[in-house]
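Each step along the sequence shown adds one to the number in my numbering, with nothing skipped, and position 309 is 309.
Keep in mind the hints are simulated off the structure, nothing from the lab. There is no bait here: all hints are sound.
Label-pair restraints from in silico Cβ distances:
#1 7 with 62: 19 to 27 Å
#2 286 with 199: 27 to 35 Å
#3 170 with 114: 13 to 21 Å
#4 48 with 73: 20 to 28 Å
#5 6 with 61: 19 to 27 Å
Derived PhoX-like pairs: lysine-lysine, alpha-carbon spacing no greater than 20 Å straight-line:
#6 202 with 187
#7 140 with 202
#8 155 with 285
#9 187 with 140
#10 10 with 155
Ideal Cβ positions, reconstructed from N, Cα and C, are used throughout, including at glycine.
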Amino acid sequence: MREVIRRQHKALSTEDCYIFWLRRYMTALSEMPKGLSSEKKLEQFLTDLARYRDVSASTQNQALNAILFFYRDILGQPIGNVNALRAKRPVHARHAPTMGETQLLLQTIRNENGYPTNLIARMLYGCGLRVTEPLNLRIKDLNLERHSLCIRGAKGGNDRVVPLPFSLIPELTQQMQYARTVWQSDKQNRTPLMLPHRLARKYPECQFSWGWAWLFPAHFTCPDPITGTIVRYRMHEANVQRAVKHARRKLGISVLPHELRHGYATHCLERGTNPRAIQQVMGHKSLETTMGYLHAESLSVRSPLEALLVNSTTATDNPHPPNHNVRWHNTQVRI
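Modelling step: build the complete structure from the supplied sequences, incorporating the hints.
Here is the structure:
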């Protein structure tokens with residue numbers, strides 16, 4: 001299964017996820033009757049996840065896709081209809097922190113394990129990025145003269161260009177100097193950079209090229225998960241998640257790293273920014289996804305309770321209140 005996934009150039013996270021669900025499925029098969037068909041076995045596995053494990057709808061769909069991939073692409077035996085107890089995926093309103101919460105959070109986040117996690121958190125909010133997108137940046141992806149970033153291989157494998165806030169340029173310049181120090185040390189020690197696919201074999205000089213150096217390199221080298229070669233990789237996203245967790249617990253608020261991206265879209269829409277421009281910056285395929293961050297239509301509805309309060313205030317200010325008995329009698333006559 002790993003061989004087929006790598007032949008199709010799927011992400012390493014997808015490979016680990018599919019292997020995880022395949023192992024759980026194989027474990028569950030040992031407890032099922034042997035006479036069941038593949039469809040019935042998969043139905044029982046997914047049903048047990050929903051009924052006894054109480055997994056979310058996205059988790060159940062993730063398991064389904066992994067097992068369907070195994071039967072279709074590995075065994076060559078496509079599965080028919082699977083009538084499992086599927087968990088419905090509800091439509092959740094995207095939570096975005098307020099301007100005040102965002103300001104306090106960015107002021108409270110501290111650097112974690114010697115990494116500039118505060119700078120990365122401000123990039124998440126200032127550029128509307130996903131957690132791993134600033135970490136995957138290489139030196140060639142920065143254009144400080146045009147104040148822009150090129151996000152390569154984002155969700156869906158698409159590239160996009162996002163504007164870079166002026167306030168981040170001085171710190172990014174310092175980070176580039178640190179990255180250059182790490183790169184020079186690796187070049188002297190002949191420690192290559194981790195490059196996508198087989199680019200290192202096709203262009204060996206890129207392994208030691210300054211343009212391909214990581215903007216946020218890891219402190220230590222590690223083996224390439226595919227080739228096993230000792231390479232320099234970028235910092236892990238767990239450092240950013242841990243820094244945001246410590247800050248939000250200190251402030252007593254509930255903000256996740258990805259919700260800083262939500263705050264970028266919501267605050268830009270509230271300021272009247274063109275939704276089409278925000279769609280391109282965030283990499284959304286549909287404008288409807290971008291407009292999901294703005295709740296202007298629902299917030300424009302005026303509650304009828306306000307009208308009742310106004311009427312009651314007017315009645316209190318009237319020096320000659322009406323005869324309630326007469327009004328009640330007239331109401332009964334109309335009925």
